[in-house]
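Protein chains in written order, with the numbering used here: chain G, 29 to 193; chain Y, 4 to 106; chain P, 25 to 396; chain R, 464 to 1094; chain W, -17 to 128; chain L, 431 to 592; chain B, 97 to 463.
Read the hints as simulated data drawn from the structure, not as lab findings. Among the hints, a few may not be true.
In silico EDC-like cross-links for lysine to aspartate or glutamate, where the CA-CA straight-line distance does not exceed 16 Å [as the list claims (entries may be wrong)]:
#  : chain 1 : residue 1 : chain 2 : residue 2
1  : G       : 174       : B       : 233
2  : B       : 271       : B       : 306
3  : W       : 110       : B       : 134
4  : L       : 517       : Y       : 78
5  : G       : 177       : B       : 260
6  : B       : 382       : G       : 129
7  : G       : 113       : G       : 60
8  : G       : 89        : B       : 281
9  : B       : 271       : G       : 106
10 : R       : 494       : R       : 578
11 : G       : 80        : G       : 106
12 : B       : 146       : W       : -10
13 : G       : 174       : B       : 414
14 : W       : 110       : W       : 50
15 : W       : 125       : B       : 149
16 : G       : 40        : B       : 340
17 : B       : 374       : B       : 414
18 : B       : 382       : B       : 260
19 : G       : 89        : G       : 106
20 : P       : 178       : B       : 126
21 : W       : 125       : B       : 281
22 : W       : 27        : B       : 306
23 : G       : 62        : B       : 237
24 : B       : 146       : B       : 134
25 : P       : 118       : L       : 456
26 : W       : 125       : B       : 150
27 : G       : 177       : B       : 263
28 : G       : 146       : G       : 106
29 : W       : 125       : B       : 145
30 : G       : 40        : B       : 237
31 : G       : 40        : B       : 233
32 : G       : 177       : B       : 264
33 : G       : 40        : B       : 281
34 : W       : 125       : W       : 6
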Amino acid sequence: MKFEHFGTGIIKGLAVTLRHLFRKPITTQYPEQKLTTSRRARGNELVWDITKCTACGTCAKACPQGVIRIVTSAKPVENRYVVEKFEVDTGYCIFCGLCVEACPFQSLLMGYSYERAKYRRHEVVHTNEMLLPSAKRPASGYMYPKLAKALPPQTLLIERDEVKG
Amino acid sequence: MPVGLNHYLVLSAILFSIGLYGALSKRNAVVILMSIEIMLNAVNIAMVAFSRFIVPALLTGQVFAIFIMVVAAAEVTIGLAIIIAVYRGRETIDVTNINLMKW
Amino acid sequence: MVLNPGLGMEYHWQALPPDWPGNFWWHWLAFSVIILAFVLGLVMGFIWLERRGIGRFQIRLGPNRTGPFGLLQPIADAVKVLLKENIVPAAADKIVHWLAPLVAFVPTLMIFAVVPFQDGALLADLNVGVLYIVAISSISTVGIFMAGWSSSNKYSLLAAMRDVATVVSYEIPVVLSLAGVVLLAGSLSLNQIVMAQDIPFILLQPLAFLLFFIAASAEINRTPFDLLEADSELVAGFHIEYSGMKFALFYLTEYAEALAVSAIIATLFLGGWRGPVLPPWLWFVGKVVAVFSVMFWIRSTLPRVRIDQLMALAWKFLLPLALINLVVTAVQVLAWPEASLWAMVPVNVAIMAALVVTWSRLLKLGGGRVEV
Amino acid sequence: MAPELIWLIFFLPLASFVVISFVFKPFLKDKPRISGYSTIAAISGSLVLSVLVLLSVIAAPEHELLMPDINWVIVDGVVIHLGLMVDSLTAVMLLVITVVSLMVQVYSQGYMHGDPGYHRYFAWMSLFTASMLGLVLADNLILTFVFWELVGLCSYLLIGFWFHRKSAADAAKKAFIVTRLGDFGFLVAILALYASTGTFDIAELHRLAITGALAGTTLAWAAIGIFAGAAGKSAQFPLHVWLPDAMEGPTPVSALIHAATMVAAGVFLVARMFPLFENSPEALTTVAVVGGVTAIFAASMGLVMNDIKRVIAYSTISQLGYMMLGLGTGGVAIGIFHLFNHAFFKALLFLGAGSVNHATGTFDMRQMGGLRRAMPWTYATFVIGALSLAGIWPLSGFWSKDEILASSLAAQPALFYLALATVLMTAFYIFRAAFMTFGGEYRGGNGQPHATHPHESSPVMVAPMVVLSVLAVVSGMANVTGGFARLLGHGEGHGFIEGFFGILAHPLPWLSLALAGLGIFLAYAIYGAKWLSAERIGRMFSPLYTMLYQKYWLDELYENVIVRKILLKGIFAGLERLDNKGVDGVVNGVASGTIAAGRGIRRAQTGQLQLYGLVIGIGILAIVLSLYLAR
Amino acid sequence: MTLALSGDEIAATLGGHFPGSVIEASKSHLLVKSESLFDIASYLKTAPGLDFDFLCNITAVDCFDYFEIVYQFTSLKHNHGLVVKARCHDRSNPVLPSLVSLWRGADLQEREIYDLMGITFQGHPNLKRIFLWEDFDGHPLRKDYL
Amino acid sequence: MGLGIAFWALAVISVGAALTVVFLRDVFRAALALVLCFLTVAGIFITLSADFLAAAQVLIYVGAISILIIMTIMLTRGVRQGSPSGKLRVPALFTALLFFAAAAFAVLNTPWQIAGAPPQEPTTAALAGRLFGEGGFILAVEIAAVLLLAIILGAIVLVREK
Amino acid sequence: MALKTESFALNIGPLHPSTHGVFRMRAVLDGEVIANMEPVFGYLHRGIEKLAEERTYTGVIPLTDRLDYLASMSNNLAYVLAVEKLAEISAPERATYLRVILAELQRIASHLIAVGAFVNDCGAFFTPFLYMFREREKILDLFEMLSGQRLLYNYMRIGGFNQDIPDEFLPALQKFVSQMPGFIDEYDRLLAENEILLARTKGVGILPQDLAVNISASGPVLRASGVKWDIRKADPYCGYDRFEFDIPTGTAGDCYDRYRVRIEEMRQSLRIIEQAMKQLPSGAVKSTVPYLVRPPAGEAYAHIEAPKGELGFYLVSDNSIAPYRCHIRAPSLINLTALRDMTVGWKVADLIVIFGSIDITMGEVDR
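I would like the entire structure built from these sequences, with the hints used as guidance.
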C-alpha cells in the first residue's frame, strides 16, 4: 500500500460515511409505504376497452413477441367484426407498449397496477373479460396524456432526498 | 501413587520414543519434522519437571525449555525451508527418494 | 489466598473480590456463565448494531422487521440458520470439516477468561494475561485453516492460505505493539494494566494503539483486511461450504473475535472498566461498543486490500513501527520523569505523527505486477 | 571534555556509514545527494568536536586522557579494553583527518556527481573516516590493529571503487596484498610485545619502554615489526609499489586516503609508539634510513612520470619518507609537523589533479597544457600547493621540511644529503607537472567532446581547494613559534616574528631554498619555456630515464623474480617434489587402501538420513548400555 | 465529423499497389478480393495519410450467393473512416484471412462471425466458438438456419 | 487429586495424539493431532507450575510452528495418501522401544533428590530475572538471538526463488 | 505467497458476485497469481441479431433495450439513428435535444453503476455502491416519468419519440442537475484519495495506449489509456457539436484512470444536459414516419458514444419491413479483448478489480 496521503484519504472517506449516518434513510418500507409509479406506467398487464375494439388486429401485428391473439366472428355485425376472443399471454409479454401505440381506436391501454403476481402459470393468460378495466385494474396514461393527467403525480426521489452533498 | 517426578519423566520418555520411532520410520519429510517436534516437546516436559521437582526455586529447567523452544522454532523454520527447496527441485518430500547425501 | 486446593494450581488464581460468596467453584461457574452470556448477548447485540449501523451509514434502515427496531433480527437469523439443512460436500474431509467450527470458536471464548469486567471481576486474573490472549487467539487460526482445507473447495483453500499468511505475519506486530503497553503498565495481567491506566494508554501509546488496531483488525479479518471472506473475490472464503449450525458457529466466531478485540482494546488502551459516575461494568461495555462501532464504521467505508499489500503492510509498516515504538517506550519508561506523565501525551502523539508520515513517505509498499 | 563526546567523533561518521548503507542505499536510491549530505554533516560534527579536543589539549598539553573503561574481550584472564587515548598527537591527527576529510567530501559532491555508485562511495568514505578516527583514538594495540585493518579494507574498497575496470581491481588487490605483508610484521610485533609484557595498552607499553622494563632485542624487533606495518601502510621502500597503482581509485579517495590520512597512519603509528623507537637506536636508525632512502628514491621516479596523479603519488611516497626521516632523526614533533602540513598541501594537489581530470578527462599530462586560462582557480591553488611542496618560504612545506633537514643534518649527515637532493627533485617534478598541465597550449585532453573546451570545475569542487590552499599557506605557521612542537612534547618557544623571519638568518634554509629554486627553474626551462628539449635530455640520460620510467624495475622484480622464480619455481617446486614423491607416496598408499575399504563400506552409505539416525540412535544406546554394564 | 473516405479514391491509390485486387469501388465502400484482403488491410493500416489504426467493426452478411464481410476502418489520427468489403462465395467452406495479427480488436469479432456465420478466418490464433458451445450444430445467423 | 486427574488426562491425550501423528497416513490430520499434542503439553506445563512456559508453548508451537507445518503440507503434494512408513519400520520400532526401556529404567532407578520447597509463584518475573538478570543466561539469550537471525536469513536464502 | 506452488485452475463465474452477470473466467493460478486466464462467453446469448431479422423496424427497439440493460436509452438511440440513416428520416429539433439529454442522463446512470460496482469489486462494503444507486434511482425516476418503465424504456422511435415529455419532467431534471455535482464531489471525497483504493487500482491492469487502440477498445477504457477519442466530438450525432464539453482522458491506462475518467465524464454530461435544457426548443417530438418503416435497399452504420464505448448498429435493408441484417458493435465485448493481457501476472483480487474497471454488461457482451 502506498500511503500517498498518509491516511488523510481514508479519514476523508470516513468523514463522508459519518455524515451519511445523520441523513435520513432513503429507502422505503415497501408493503407499508408505497411510492406512486409514473403516470405513464407500463404495469404488468394490458387493459382492453371492448367497446372501441374493432378487432382490426393492428396490435397483434405490432407486437414483437406475438402474444396477442384475436379471434373474430366470421360475420360482421353492424359492419364490424365482433371479437370472439382477445387473448394476451402476459407470460410472454414484454410490456413494450407497442400495441398500445399501434391501436388506432384507443381501445388498448397499458395497466397501471403492478402487484398482480399469479400462482399458476395459466393464470397469466388473460382473455376477454379479464382484460377489462376495473377498480383493481386501472389503466395507465401511457400514450394517453388526458388519462395521465387524472392520475396522481409520480413520487420522485429527487423531491424526497433534499440533502445536498 | 501421587503424581511425581517419575511420572513426568516416564511420560517424557514415552513421547520421546514415539517421536524417535516416527523420525526414523516415516517417509514423509514433514512428518519426520513433526516427530522431531514431539521429541523436543518430550525433552521440554522433562526439563520443566526437573525444574519443578528438583530446583523449584531456581527455574533453570524452564530457562532451558525456553531455549529449546527457540531452537525448535529455528529448526522448524529451516527444516521447512529445506523441505520446500527440495520439493521444488525434486517434486517429492519422500526422504527415501532424497539421497543427495549418498557418497 | 488458596482458591483451588484440589488442582494444585493455586498460584494462578489471584485475589478475588473479598466479598465473593462461596469459594472458587462458585466463581468458576458464575463467571463461565457470565462470560457465555456476555459473549452471546453482546455478539447478538453486535450483529444487530453492525447491521443497523452499516444500514444507517448506507442511508438505509437495516433490519427493522423482527421486534422493535429489528432487535430480534439476530435471533431470527440464528433460528433460520439453525434450521437450515446441514450440507457437507461429498469430497470434504468430514471429521475435520465437523471439528473446524469448534476449534475456531472455543479459543475465542477462552479469551474472555482474563478480561476484567470491573475491578477483579474476571474469571482468572492470570499474571500472563496478555501473553495468554495472544497465545489462545492464535488457535482459532487452526480452526479456520481446517475449515478451508477440509471443504475441498478451491476458494476456501485460497482463503485458508491467506489466513495462514496473515496470521503468521500479523502475530508479530500484535505482540510487539502490546509489549509497549505491558512495558508502561509493568504487568502482563489485564487487571493490573487497567489499574495502571491513570491516563488511558491510548494517549500514552497512540502509535501502539494504531498499530494494534490495524494488526488486530487484520488478524480477525475485519474490513479492510477481510481477505479470507472477500465476497467479491473468494465469495465467502473459508466457510463457503458451511451451512446450518456449523456456519452459525463461524458467524459467531467472527463476531466473538471482533468482540474480543474490542474488549482487549478497551481494556488495554481505553482504561477498561475505569470511568467516573457510571458503574464500572457499564463503562466497560460502553467502551467495547464504542470500539466496535469504529470497526464497522471502517467496514462501511473502506475497500479491501490485496494479499501482498496486506503482507507488505505487516512487514514494512507495522513491524518496523512497532519495533520503534517498543524502543521508544522502553527509553521513556526508563528515562521519563515520573511526575510529568501527562507531558508524554503530546510527545508521543507527535512521535506517532512523525513516524507515520515518514514511513508513508519512505516506503512504497506493495503494488506492481508479478511476472510469471 | 566528556569522553562521550570524544566517542562521538568516531561514531558520527560510523553512523553516517550505517545510515547510508542500510537506509539511504536501499530505500532512497533515487536521491543520492542525501548520502553526501549525511557524510558531510557527520564529519562536520566530528570536526567541531576535534577542534574542541584540540583546544582542551592545548589548554593542558601534559594531560593525557585515557579511558580504558569498557571491557571488550575477556578470555581467560586476558582483558582487552575498548578505550580512548587522547593526547596531543591524537588531537592533531583528529584535526588533520576531519579537516581534510571534510574538504574531500565537499569536493566529492562535485567530483562524483552522477556516478552510479554514489551511495556506495559515501558509505565507504564515511566508514574510512570513522576507522581512521578510531585508529588515532585507540588506546591499545589490538584496537589499533582492528582499525588499522579497517582502513586497509576501506582503502581496498575505494581503490577498487570502479571495480569493473580491471586495472582498478588489480590495483586494489595489489594494495591489499602488499600492505598485508607489512601488517604481518605489525601483528607479530603486537603479539611479541604482549608475550613479553602481557599488555596491549599503549600507555602501559610507553611506560615500560621509558622505564626500561622493555628493552634490548625484544624491543628492537618489536619496534622494527611495528615499523614494518607502518612501512607497508605508508608505502616505504620496498613496500611502496602499491601506492602509485592505487591512483586507479577516484581522485578524492587518493587525496584523502593516499595522501593525507591513511598513508600517514604509518607515520602516526611510529609516532604513537615512539617511546619504543626512542629506546631502541637500531629501530630508530632503521626508520631514518628507510625514510631517507624512500624520499629520494620515490622522488627520482616522480621525475619522469607522465601521469599527473602518479607524479603526486610518488611525491607522496617521497614526502612520507621525509616524515619517517624526521621521525627517525628528530622525533615526534618534526615528523608529525610535516605530516600535518603535508596533509593539506598534498590533498590540495590531488584535488587539483582531480579537477584537471574532470575538465580534460585524462590524467596524462602530455594531453593537457594551457589550463591556466581555462581553470584559473585550479591553477592558482595548484601552484600554491606546489610551492608549498617544494618548500618555498613562507609556505607550510618550508617550515617542516626545514626542520627535517636540520634534524637529519644533526643526526645522520648521510641522510641529510639524500634529503637535500630530494629537495631539488621535489621542486623539479612538481613544477614539471605544473608547467605541463597549466602552461603552454592546450593539447586536447582525452579527445572526448566535453574535453575540447575545458572549463573550471563547479564551485563545490573549487571551494575545498581554496580552503585547503589557505591551509597550505598558513598551516606551517603553527610551529613558527614552536607551539606545535611544544604541544607534541618538546621544543622551546619563541616569538612569532622572530621565528618567521629569524629562520632566514640560518644558512640551511637558504640552501634548501636555493635548491628548490633551482628545481623550479629547471622545470621552467624544460617544460615551461621549452629552452631545453625534454626528449633530448631524456635521450641523453637514456638508461637512467628508462630505469626511472620503469620504476627501477621493482614491480618486475617482485612479480617475475620473487613471485615467479623464487617462490613458484624454487621453493614451491621443491616442496612440490617432496610432496609428490614422499608425502604422496604414503598418502596414496593409505588412500588406495582406504578406497579399497571404502568400496566395501560404501554400501552402508545409502544417503538415507534416517538410516544414519537409526545407527546413531543404536550407537548411543549401545554406549549407554555398555557404560551401565561396565559400572 | 468523421470523414467517410470515398471508396473510389482509395481504389485509385490501391490499384497502383495491388493491381486487380479491387473488385468494386463506390462512394460508400470498397470491395476487394478476399485473397488480397490481408495485404490491403496491412497497407491501409500503415500507409501515411491513411493510418487506419482502429478496426472499428467487423460484420458478415449472408447474401445467399455469398457471404459479405464488412470492415469498418477508422483512423483516430486523421479522423476518417472507410468501409471495406470482401466476399466469400464458397458456402460450404467460406475462408477469409484473419486480421488479428494487424488489429487484435478483430479477435473476438472474428470469433463471433465464425461462431454465428460459419466463416473460417485463417491465421486466427484462437478460432473457437464464442457464444455457443463447441458441438453446436450450424451457424445461426445464416439465412438458411432455422 | 485434581492434579493427578489433570496429569493422567493430559498424559493419555498427549500420548494418543503423538501416536496419531506417527501412525496416521493423512498428513493434514497428523498435523492437527500434533496441535493437540502441543496443547496437552502446555497443559502439562501448567500442572508443573510453569504458567509462562505454558503460554509460550501455545504461542510458539500452536500459533507459529504448527501453522508453518500445515502451510508446508499445503504446498506439497499428496496430502491424503500421506506418510507411509519406510523400510526401517522394524528397526526403528526396536530402537524406540529399546530407548524407552533404557530411559524408563534409568528414570526409575535413579534416586532423584526431590526438593521439598514449594514451586515459584508467578514465574514470569522470576524467569526474566534468570534470563536477563545478574548471573543469568544473557549470553545464551544473545546466542539464541543470533541463531534466530541466522535462521531467518537461511530460510530466506533457501526458499528464495532463483 | 512467494512460494512456488503447483498451479491450479480456478473457475471464476459464471455465478460469481463479481462477474457482473453470467461471465466466466477460467483462470490458472500459481499461488495467488494469475498464470493464465481465458474468458468464456455466451451464458446470456439470446441471438438478438437473429431475432431482429424477424421483427419490424419498430419492433426491434424493445430488443435493443435488452442489450446493455443498464443503458437502454443509449441503445435505443443508436438503433433509431441507424434506421433514420438507412431510411433517410430526420428527427425534429426538439427530439434531437431531448435525445442528447436522455443519452447523457443515461451515461451518468451507467457510470454510477460502473464506478459503484467497481469500488465494490475492490472490496468496499457496498457503501459507495449504495450512494451511487441513490443518484441512479433519481435518474430512473426521470426515465420512468417519460417512458413508464425504469429499466427497459422503449422510448425512442424512428423519427423521434413515442410521446412528448410531461410537464413535470423539466423541473425535476433541473433539480437533479443542480444537485448532482455536489454528490459527485462527495464520491470524490469518499474515494479519490483513499489510500487503499489507490493501492488497489493505481498501476493495476494497465492497458497501454497502443494496445488500447489496437484492440479497438472504446469509451472510457480507451480514453483512460490517453487516447482523446470520443464519437460525440469525432463524429457528432444529434447535434453534439452544439454543446461545449471536454473529453476527460487518463494517462496511465490503469484501473484508477478508468475510474477517474468515468467520474469526470459524469461532470461533463451534466454540463451537456444543462446546455441542452437551456436550448430545448418547443415543437413536435416525432416527425411523420409511416407506421411500418420500409427503408430503401442498402446499408447503414450508425454509431454513438454509449456509456461503455462505441455502440454501433450496422443495418442492411432489402426494402422490406424488417431489417435483412442487423449487426451490433457491442463495446462491452470488444473492450474485453485484452482482458487476458491485462490480468495475467496479477493476483486474483486484481483480476476482479481489472475486470470491474472495464465495465461490461453481459447483455451486451453475449447479445
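* Asked: So which of the earlier hints does this model not fit?
  -> 1, 2, 4, 7, 8, 9, 12, 13, 14, 16, 17, 19, 21, 24, 28, 30, 31, 34
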